[in-house]
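Visitor: Each chain, letter by letter, is given below.
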Amino acid sequence: MEGRCAVETWAEFGFPDASRTPRITCARGTDVFICTGSDEVYVFDTQERKLTAVLQFPSPVSDLVESHDKQLLYVSCGSGVYCVSFPFLLSRAQSSPADACSGPAEVKVPSEFLVVEQESVSSLLLVGSVLLVLSQRDASWLLSLYKTAKEAQCSSYEMLSSFSLPLVSSGDTEGTGMRRRPVLTCVHSGEPKSQSSSSASSSTLADSHFQLDPVLFKLLFGIEAALAKSPVVLCGLPDGRLCFLPLRLPGARLRVLHSLEEPVAFVGLSVVEETCPGHAKCLVVVGEQGRVVLMKTVKGGPEGGGTTAGFIEACVAGPVVCGSVDKHRLYYSTGSDLLVLDLSVGPSGRESRERDDDTSSPTAAALTRPNSLNVCRVMALAAPAHNNAGEVQLLGLSVRGQLQAIVLPVVERRDEALSNQPSAQVGRSVGDLLSAIGDVCQRVSVLKNAIKDKNQILRHLNQVLNVSFLLIASTNSEEHRPGQEKPIRCRALTRWSRLLQKDSLNLTCVLDNSSPYVLEQGWTLSVTVFPVSYSPGAGEESSSTNFSFPFNYLHPGETLEVSLPLAAAGDTSFPMRVSCSLIFSLSSLLREEETIHLPGLQRSCISLPLNTLTVDWLHALQVNNPTTHPINRNATSQSNHYPTDTVKAFLSSHRTRCSGRGESGEKKAEREQHSARIRVSSELLRDTLVDTLEPQGPKLSSENLCISLLDWLLSEHPGGGKIGQQGDRIALSSSCVHARGPNGDSVKLSAKEVHVGEESTGKEEHLSAVEVQLDSSSIATVCGLHHAVLSRIQALLQSAPERTASTVRVQSLGLREALKRAERLSEQIQQSRISGAFGMGTSTGQMSRSLLAVYKELRENPLLII
Amino acid sequence: MYQPTCLLNTWVQENNELVKKWKVRSRAQTHLRWCSSEFYKLLRKTQGVPPHPDHVHLELSVVYNACVCATVQSQFTEAQLLLTQAIQRALQMTSDDPVAPDLPAFWRKVLRSVVNTAFNSCVLDLLCLQWAMWLATCQLKTIQEFKLSSLVETRGAGVGDDKRSEARGKTSDAPLLVTDPRRLVELLQICTSIAQGAERLSEDQSSEALSGLQKASSLPAPRTLVAYVHLLSGSCLSHMNCPQMALQCYRKALETDSCCVCALYQSMLIYRQLGNTQAEIQALRLLHSMLMLPSATVPALAGTHLFSPSLLLCSQSLSSLLLVPSALSVLHNLALKCALHGRVSEGVEHYLDLLAALHSEDQHGVRVYAEAPRLPRLPELYLEAGAALLMARRSADCMALCNEVISTTLELLPERLVLEDPEERSEAETRDVTAEGEDKMAMLLWAGAAYLLQGHCHTHLKDWKQAVNHFTRCINLLVKVRCKKTDMVVKQGSDLCVLQRLKGLSLAGRGIAFTQTNHLREALRDLLLSLQAFPECVGAGLWCGEVLWRLGRRQEAVACWEKTWSFTTQSSAEGLPLYLREPQSGPLLDSKELRHRIQELGPT
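Keeping their order, the protein sequence lines are chains V and L.
First residue of the first sequence: 0, per numbering that gives the first Met the number 0; consecutive thereafter.
First residue of the second sequence: 0, per numbering that gives the first Met the number 0; consecutive thereafter.
Just chain L, with the same shape it has in the complex:
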């Protein structure tokens, strides 16, 4: 009897020293691992003697510490095993062996049997760990069924607290714990709320989620988690079609935690949804600058707590909500928006920044790759940047970028290519073959687009000969493609659509260039072909009329113009890459003047 107490004291001492050491450098992984193994060793020592009531407190404390170590290292199965075995051993002294089919049943039995024993609080601490593990493994249903929050809350607020403080005040030889169970409970409660809210949101139960989150917003919690709560509330509201309220929530989230980039991202999405372009651009710019901050890449709350929210909040639905595109993607979006909405020079700058970032060796600062809205492929970025440069009348720079694309692709371009129906192809052929073929197709389209842009550049410079040259190159490339089926449906964004558009634009460009050099016959041929390939081409329509007019076929010219004006302009341009839009830089025809001509012609 005497001996064990002596042993007990040394073990307690050992445990406490370990805990102290732990707190010195708790973050280093190796240290963590070392501590973990030390706690395991100590646990083996304490369990080396037969179970003894006096030892239970120490033993469970050591188990608690070891389990915390294991959980933090995401070794959940080991922790689970340790936990159940220790509790079974403790219960062997007091009562019968609690054998249960599953964990919840086991815990219910355990709680019932220990409810009035000395180590009730210890078991409850261990229950908290069980909660954390359930949360980390996303077993939200179990947590809900168990009503854990209420269960542990009574304990945390009630007797346990007094006992613990008593014990701490009374003796220095009470075994220390690596984390405070009360803090853990707080953390677990808010994390559970967040996780549940995200889960409900993904299950389209926005209102329930919102109520739960509103409850949680009053809980004591780290700022990041509070910001998450606001963010989730905002998401719920936006799901419930209350964009303005959602924006308010996002603003609150940002106010709570300035590093909550996802709130900014979500508000940007709402601006986009609302069509508030200026606000969207503003939000994008802010988002980009925030993402470029070094602090944004490191979660700031790991320091305060051993259990990081990322460990506990790992559910798929939540992480999809918290997803933020990379800085490069944001920058691309920003550049595109700027270019599309009249801030061309700004857009060009953003594009150039983007390209520079892609070429810098230091772009690894951008932490997360492979997130949802991916960047377009690199040649497309080049072409978009080129198109933006052309819009900004920097044709030399545009040509340089296009040259880069052409020189890269030129050697690999196929002599012939068969374009297949995408649906048919996916069924019929194996994946890798199509991947290769697709790549070839994409390359051809990139090179064609690059030639098209160069043609536009020359048009802009009024170098008609070169323009004709480049448009011809583009056309020559495009005619290498054969469609497998003649009656393929031109779908928005498909290769065929891009191909037809490129054909139309390049033919129109060449036709216009021919018009300028007074080769009216060739011009008419090209413009008509252009309209055949891409009927909505406004430039081709107008210029076709003009050529007809010049050739003296005035009635036809009038019909052509009127047909062209009847098109809903830019209806089909939405969602198309920047470089596939009709250029505004070429020679323009004044519609007023044309109408005037028609009126003059009218009486005759």
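Extracted from the complex, chain V is given alone in its bound form:
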């Protein structure tokens, strides 16, 4: 019970007599009766919060009790019991000279109101029409029963009977100060019959009357009391004895039910566990030193003997000054604090006696943990009441005589409401609880998922960063160590394919992941294709084509193959550069609905360049040996490739023939064969090509060398892939290859071994070289192929091993010649350029012709590449 109590002081009545127990009783609607041990009784109206009357008695008041019809008040003081009727009180109050505003009416109770003449009355109790008076005699407690009159007659009551109980010395407590008032309460058996039979009196039971569970009633007070439907008077004496007396049973005696061994401070009944409404299941007795005894029904007694009454003892920190109980809780004050003890934690009645020791000890432990309410100095408590808001309100009297209203925080109200409900409602509320549990479960799983997602994203991001660092590092290091390959890179191979009677060159790009990292979702392979040189007529932007291929997962060691159309037949914009890069879009980290909220993220991406490949003329060549060239490996394409190819050849030959007949000489000039030659030292080729192509043979024959050179030129793929098939090379049996260029022109590549030494003046040693000759009717084809072959051989040279000193000498010989030629040629170019600049006389055709001639000459006399 957390939270603080609201304590409100309503009135002050001066210091109570320390030697007597103060008493506070809620009664008569909003009225509260307070006696502080002095000879006055205060009537306090809780609604208007003012003192309405003060009753003055001839001697100190010990106890008071209100009649069931709330018309009479019985007050015991030194000389006996007075009976004050409220009508009298009202009339006196009105007739008294004190006007309304001046304060309470003070009424001196006259001695005619004395109805029971008995000395030293300690406690009063009213059961039906019987007034019970407990008084202490020299050597005994005397419980006298008086028959009350219906209306307030001022005559003494008739004594019906009296019971005495020998006094037991209450030991040291007698001397210590306060004389505790014996506690008198009345318990009814909670049978529905008795409720109806005892008429109106039981329906308006005062705070000292309880309905006890019938089984417990029988167990505690005997079967006869239950059968007689007799109310039982419980009497807690200061010597610790708890006595009981069945009122209507003939021959009944005042018998001891239990001995607490310390002054009884409080006797009450608690519902504890609600089974049948209105019946208390537990009798609670609290001693002054803090001993708490709960009496409950215990099922399964010794040797299976049915139900028995179980006494559960526990100790709370004393001293207990006063107590009060409501349905589930015991409130008690130690003088320094007000505490509340939850009684419902006790064991249910199902436990057997055998297990009592085990079960009662945790109970006792639970019972010794009261909750503090942080209200001090409470000397007397009235029965707790529930106000409209459902809060528990206690009325207390403090040491200083202050009347305090203590409102407890509404914490356990829900439980209480729950326990008050019948089973159907309980079932419903259980359903509510279950659905609430379901909701919580759902929320937990959603949160778990979110956390999982975030972890996933982080992991993902980590991979991305790893990949990007790897790639960035490799680009940096590439500048210094060109030989090293990137861990993630692209290879490509070209293929001609025929679709819808149209040939097209497809590039198959292979992304090779040899890094230790997984390329996860969100990565996109972007391939940009653009020609290295472009014709001035075409627009710059149109010439570049971008392809992107998003992919899901690429584990280490796996490859991704994508195909993209590179060029259609007739397209001559080779060589082309293929630039590959990996792009990671940050938005792919998040799901779609989340990316909507982050518009900036949709565009943000990481772009990591991979390698750049070049697709040159050689790649685009279609070798005229369909059975052996890789393009036609596909069996399905073979079948329809043949006829179309032959038809086309026929048509084109026919067309040339026709055009040749009708066209001018310019066409003829075009048709004339252009050629270019490239010489490469065969020693170099042997060194390099053996490394790259033929690891088996240390020496290649010249014939083989030529073939392998051609083979190397034709089978090399962009990106350095050595993926040429074994069959291809075998098929290439001659050193002359006829092929078609991408624009359809046929081209002849031939290689032969020449000896450079012969041509020159001749020295003691000739240098063998391989001459690659390109012959085609199209100059563009020749140019392109020449360029391609040169660039290949350049690349080959870069990786070539160191050359020998002898070759340098030979080379220098050729160089001089070549320089001469070059000087001449540059003169020619210079000349033509000057004429071009000034030239009105020379046409563009002339100029280009002269340039072409220069070019031809350059091609015709190749340098020997060693």
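Derived by calculation from the structure, the hints in this document are not laboratory data.
All the pointers check out, no bait thrown in.
DSS-like cross-link-like pairs, simulated, lysine-lysine; straight-line CA separation at most 27 Å: (1) V:K146 to V:K107; (2) L:K464 to L:K479; (3) V:K69 to V:K146; (4) V:K146 to V:K228; (5) V:K228 to V:K298; (6) V:K69 to V:K326; (7) V:K298 to L:K483; (8) V:K228 to L:K439; (9) V:K49 to V:K69; (10) L:K461 to L:K591; (11) V:K298 to L:K479; (12) V:K298 to L:K439.
Partial chain L-side listing against chain V, Cβ under 7 Å, derived: (13) L327; (14) L377; (15) T407; (16) E410.
Each residue gets a CB set at the ideal place from its N, CA and C atoms; glycine is no exception.
With chain V's structure known, arrange chain L on it following the hints.
Guide: Showing chain L alone in chain V's frame:
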């Protein structure tokens, strides 16, 4: 010398006024207490001056008054102290200090020393008070030794009386006394006689007691006390085996004091002893109606005298003689007698009255609880009433009562119970444990009896199925009890006896019910078991024979019948609760018819 007389007069005045006030409201306890304290104050004042012969009369009168007040409030030790101190102070003036080891010796000395002084009469008055105190504390031996009656009688009849009247006539300033000593003496004399008679009666000296009482009967005394004398004489006579004369004495007592209920009670006991049931029932009915009168609860003689007989007659032997059971107990007796002796409907009414009285809120009118013949316990009353209702053929009401008992006990019934030997148990185990166990046993027996009665009710209604049901329930309950020792002696009235009887009756009832539904095999089994548990069961015996007869085992049947007829019927039923008797409501077999059958069988 002058001054004291003046003081004396004021004190006398004060005393007299107190006495007058006292007489106005002498009964109220608070008033009594107030007067007592006032007399004490006055006494302290008078004893504040040194002892003076002139003051002695006043002083002793004040002592007398104060002592009366104290005695009436039963404060005997204070009164005794006051008395002895005052007398010692008075005697200091005249003679030596009378020091004596005990009170009788002290008084003898005192009487000897004052015999011819002026305040002899005052001392004798005080002696009367001493007598009253001795009587109230039951020191009859001392009174007898002292021969007080004769001693004081001479004084009362003789000179003292004249002197007193003289004094009263002479001056109005003579100190008044709260009670007249002569009346006190009369009262003391008869009370002493009564007390002595009771004492002798209890010591079995009936004839001496009778002679003493006959002497006392001539004494002047209040009617109640005279009635007591007659009552005691009657008791003596009944002790001397003269019941008729005793009855005469009781009649005289009743004639003297119509409120003397104990005389009626005693005569009822004599009727019972004589076996005069009708007279006994009559007496019981009278007794009950007298007890229900409001006047019976209040002793009527307190008004006439300050000293009530209850104060003076407190001896144990007398109070045991004067004991009267409560109205409820009388009513129960009446109901039981009626039910047992053929006035069933009357008995039923009485039983119902009894139950109603127990449930009414106003039954506190019955004043004395916890007297000798206690009421049976409440469930037993219910069962008895149920049995009476069954006898009166009101089976529905009977079932309702039994239901009440069953519903009350059912939840508390044990699963198993061990019945122990009562002698063994009392030694071996502690009291509270046995009390609990006994309670369980009693509860089980009550519930069993309730089922038995319900079974009988159904038998009466010829609802055999239900009857079998209820008898079975009863049997099921009874078999939960295990005896600790197999060879326990079945004592009359013990739990074991009740258990066996219940078993026998319920088995017999079930057997008869089975017979009616023609389940002869089961019937025979039950009836034989019944006879085993309770061999004297007449119904079981006869019906067992009948079943055997029907099964064709005629010789066995005849043997069974003849054995049953040989039982002395109802011999063991005496003293048993009503509900444990064999019911007369079930299907009966005509003995004549059976004998006829036997005769027919005989020749074969």
